Amino acid sequence: MDPMMEMFVFETNQNLEQLEQIMIQSEKNGVFSVDDINNVFRIMHTIKGSAAMMVVNEVAALAHAIEDIFFYLRENKPQSINCSALVDLILEASDFIKKEIDKLDAGEKADGLAAELMDMTKTALADLKVANEGGTAGGDNAAPPPCAVETQPETGSPIKTIIEKIELEDAANAFRALVFYQDDCEMENIRAYTLITHLKSHVAELYFFPDQILEDDKSSETIRQQGFDLCFTTSKSYDEIFALLNQTIFLKELKLTQLEDVSQWAHYPKDKAAKAAAKESSAAEASVKAVKKSEGKENANHQSMISVNVHKLDLLMDLVGELVIAEAMVTQNPDLAGLELKNFNKSARQLKKISGELQDGVMAIRMVPLTGTFQKMNRIVRDMSQKLNKSVELHLVGEETEVDKNVIEHISDPLMHLIRNSIDHGIELPEAREKTGKSATGNITLEAKNAGSEVVINILDDGRGLDRSRILKKARENQLIHKNEAELTDKEIYSFILAPGFSTNEQVTEFSGRGVGMDVVTKNIHAVGGNIIVNSEPGKGCITTLKIPLTLAIISGMTIKIGKAHYTVPIVSIRESFRPLAKDLILDPDGNEMIMVRGQCHPIVRLHRLYDIKTDVVELTEGIMVMVKTEKMILGLFADALIGQQQIVVKPIPSFIKNISKTQGITGCTLLGDGNISLILDAAGIAGRI
Amino acid sequence: MMAEDLMELDEDTQKDKYLTFFIKEEIYGIDIRLVTEIIGIQPITEVPEVPDYVKGIINLRGRIIPVMDMRLRFKKDFLEYTDRTCVVVIEACDMALGLIVDAVSEVLTIAAAEIVPPPEMKSAQNRYIRAIGKTGSGVTLLLDCEKLLTDKDEAMLLNL
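Heads up: the sequence lines are chains A and B, in that order.
Counted from 1, the first sequence has number 2028 at position 671 by the numbering used here; the numbering is strictly sequential.
Counted from 1, the second sequence has number 75 at position 74 by the numbering used here; the numbering is strictly sequential.
Accuracy of the hints is not assured; some may be wrong.
[To be verified] Only pairs whose alpha carbons sit at most 25 Å apart, straight line, appear in this in silico BS3-like list of lysine-lysine:
#	chain 1	residue 1	chain 2	residue 2
1	A	Lys1806	A	Lys1880
2	A	Lys1830	A	Lys1733
3	A	Lys1557	A	Lys1609
4	A	Lys1795	A	Lys1385
5	B	Lys25	A	Lys2019
6	A	Lys2015	B	Lys148
7	B	Lys56	A	Lys1918
8	B	Lys76	A	Lys2019
9	A	Lys1971	B	Lys56
10	A	Lys1840	A	Lys1971
11	A	Lys1806	A	Lys1897
12	A	Lys1460	A	Lys1405
13	A	Lys1989	A	Lys1848
14	B	Lys56	A	Lys2019
15	A	Lys1733	A	Lys1880
16	B	Lys135	B	Lys18
17	B	Lys25	B	Lys77
18	A	Lys2019	A	Lys1880
19	A	Lys1840	A	Lys2015
20	B	Lys135	A	Lys2015
21	A	Lys1848	A	Lys1831
22	A	Lys1904	A	Lys2019
23	A	Lys1921	B	Lys25
24	A	Lys2015	B	Lys25
25	A	Lys1904	A	Lys1848
26	A	Lys1455	A	Lys1744
27	A	Lys1989	A	Lys1880
Quick caveat, the hints were computed from the structure, so don't treat them as lab data.
No experiment lies behind these values; they were computed from the predicted model shown.
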């Protein structure tokens, strides 16, 4: 693809992701912070500019329309914003732009039309203006009285429309407040100052005594004895002011008197006003918190990052792989066999150490934290819980865990499916949850951690769990059961849901029911060499565990010899290896060979028979038994001899061979130091054959 | 623009050219565009559970290439490999494959006019013959490499 187009696609995708995160956070807080508005404006401006340059006109026009809204928000700082509706609109626009970008990425034309969205944007902007200025809808000429977020209009023309928050109208009320702080709380003058600052946004005129609170230390004493005396005019009602003043910390006593008699506003029930006041101040606090948090995150992002084309990384990895092989070819060269080479050996060890570190370093480069993927799930939880009228909260644990870039791409879809399943099937409706004593809000926890050479990702929900009997019934219908039903463990039953086309849904809904989702999950996870385990407790919830190996390309392997052929077993699966003794070998009633290890019986697999390899070593006691561990069992692989342990570069089996034979148990090949090819064995695959 | 012109030129110089080789006295030809290299026979590592004509894999300067014995593929008897035996490495459909042949002959130019469709016989061999090329003295059987690389049915039958 044209490099400019690539850059455009990449940057715009990044910007859209950032936009989505800001939107979801703002919606949670119920308010757009100044930073949020600036960031969104900047993002839209960038998208507009680059889209125009790449002649993607619909996107540019849409970005411009949204830019207009945020320009209005930035300059005019309106008070009354329907946060949720605006977020919905922005997210829809973002989806449209994303679709167009995806088309361009696939080499197609971006031919979507944004006309409908632009109309919605224009209407939204008009509504905003009406709500905050009064006067004609959409009238750009009407000079709005500056409605800043903080101050209030002086002599307002009566503004009639009320959307969600309080309108600041004429300062018609006058009050006198006497505030007493608790004994021994100290620094009363500072607290008084805080109070004044707090009150300023709600009042027109304000007088207080003692007035030199910051300059004069003795004012503390005065306040302690006589209380803090305030007089002010405001638009707020008595109760609102009372509620507001009551929030003062260390308040001992509050005397509030209304100085004039003002008629109550009919359309303003007192309770709603008081609640709204509380909501406003808490929203302001929340937005401050959110701003602080996002500032922190932004700083982390700007920590000197550099974008590198993945292709370059792949080349680098390949080269390092070749280096490892070449290093092995030098140090294990047959020419050197039997020679006394002290100095050479010292240097060779040094070389090995350095190439090992280089290898680790390059692999670490490809590791990317899961943060981005996890954050994307926020959007899905939000959308689905809205559509299904369920209340769900997503908790993220361990998002800093890093995985190979390859793996990230294959995890995103499975996670999405699993979370959708949890919300659709697992989490019950709020009423149903409350009936069983659970909180009305369902919880989904997405957890990631490193465990040895694997990354373990858990998706837990506290919903109704899996229905064992229904799954069993459906499995029976689909003829998936090959064992005696009574012998099936819970885990095996739950794993039936992973079969393609399996669904216990009676009907297909928008989100699920076709039985396709889990199949996608399984395929994707297997594609990166991982595993899925499903477990559940009826009524309590369900937990899906994904286990993914950390490194794909370079692993430690033990090379074994069978006849003339070399095979390699990954070190992580080997438990032990030894020459078996005749007394430990048993034959079970079916004629299968087993070996006793520390009191436990394990099946033996004669590799030379399994793969039809010619070898002279057929007596079990003359060869080597390599005990390998899989998910479900331990088995003993019988080979002629152990060659040695080394770092190997995993190369895939040539696609021609993969197509022609579906052999189980071989997952790749590698080049040995002497130029021979060794096939890599996969314990799980072999276990599946016996 | 320039690059495209050059590409076209390149294709022209390779068009109508076929690499010919012997499999038991029959001459086969493949489109030269698909041939990446020709090497002498090398030690082959066996791969379990593949059809008998897939001899295994070889290490070609760090690349792992599967090799297929063309005699066995076309159901002829097996001939021990000598130093005249060659491996013709072809690449198509994103896959590489080495064809083990008795000997390599020459690069022939066969114009489109000299190419006729193959006879309508259903034997295994015929499926892979794309066309017949008439050369001065005889005929060259032109192979359909894509079919060779991607054809699964026969292999599946073998596996059953």
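A quick look at each hint next to the structure:
1. A:Lys1806 x A:Lys1880: 22 Å, holds
2. A:Lys1830 x A:Lys1733: Between Lys1830 (chain A) and Lys1733 (chain A) the Cα gap is close to 35 Å, so the pair fails against 25 Å, i.e. violated.
3. A:Lys1557 x A:Lys1609: 22 Å, holds
4. A:Lys1795 x A:Lys1385: It holds: about 23 Å lies between the C-alpha atoms, which stays within 25 Å.
5. B:Lys25 x A:Lys2019: 31 Å, violated
6. A:Lys2015 x B:Lys148: This hinted pair holds, its Cα atoms lying about 16 Å apart.
7. B:Lys56 x A:Lys1918: Distance ~19 Å between Lys56 (chain B) and Lys1918 (chain A) Cα, so the pair holds.
8. B:Lys76 x A:Lys2019: 23 Å, holds
9. A:Lys1971 x B:Lys56: Holds, because 15 Å separates the two Cα atoms, which is no more than 25 Å.
10. A:Lys1840 x A:Lys1971: Answer violated: Lys1840 (chain A) to Lys1971 (chain A) is near 35 Å, above 25 Å.
11. A:Lys1806 x A:Lys1897: 23 Å, holds
12. A:Lys1460 x A:Lys1405: Given that 25 Å is the threshold and the Cα spacing comes to 17 Å, the pair holds.
13. A:Lys1989 x A:Lys1848: With a Cα-Cα distance of about 11 Å, the restraint between Lys1989 (chain A) and Lys1848 (chain A) holds, given a limit of 25 Å.
14. B:Lys56 x A:Lys2019: 16 Å, holds
15. A:Lys1733 x A:Lys1880: With a Cα-Cα distance of about 21 Å, the restraint between Lys1733 (chain A) and Lys1880 (chain A) holds, given a limit of 25 Å.
16. B:Lys135 x B:Lys18: It holds: about 13 Å lies between the C-alpha atoms, which stays within 25 Å.
17. B:Lys25 x B:Lys77: With a Cα-Cα distance of about 8 Å, the restraint between Lys25 (chain B) and Lys77 (chain B) holds, given a limit of 25 Å.
18. A:Lys2019 x A:Lys1880: 16 Å, holds
19. A:Lys1840 x A:Lys2015: Distance ~30 Å between Lys1840 (chain A) and Lys2015 (chain A) Cα, so the pair is violated.
20. B:Lys135 x A:Lys2015: 36 Å, violated
21. A:Lys1848 x A:Lys1831: 16 Å, holds
22. A:Lys1904 x A:Lys2019: The given pair, whose Cα atoms are some 24 Å apart, holds under the 25 Å limit.
23. A:Lys1921 x B:Lys25: At roughly 30 Å apart (the allowed maximum being 25 Å), Lys25 (chain B) and Lys1921 (chain A) break the hint.
24. A:Lys2015 x B:Lys25: 29 Å, violated
25. A:Lys1904 x A:Lys1848: 15 Å, holds
26. A:Lys1455 x A:Lys1744: 21 Å, holds
27. A:Lys1989 x A:Lys1880: This hinted pair holds, its Cα atoms lying about 20 Å apart.
Going through the hint list in order, the structure does not satisfy hints 2, 5, 10, 19, 20, 23, 24.
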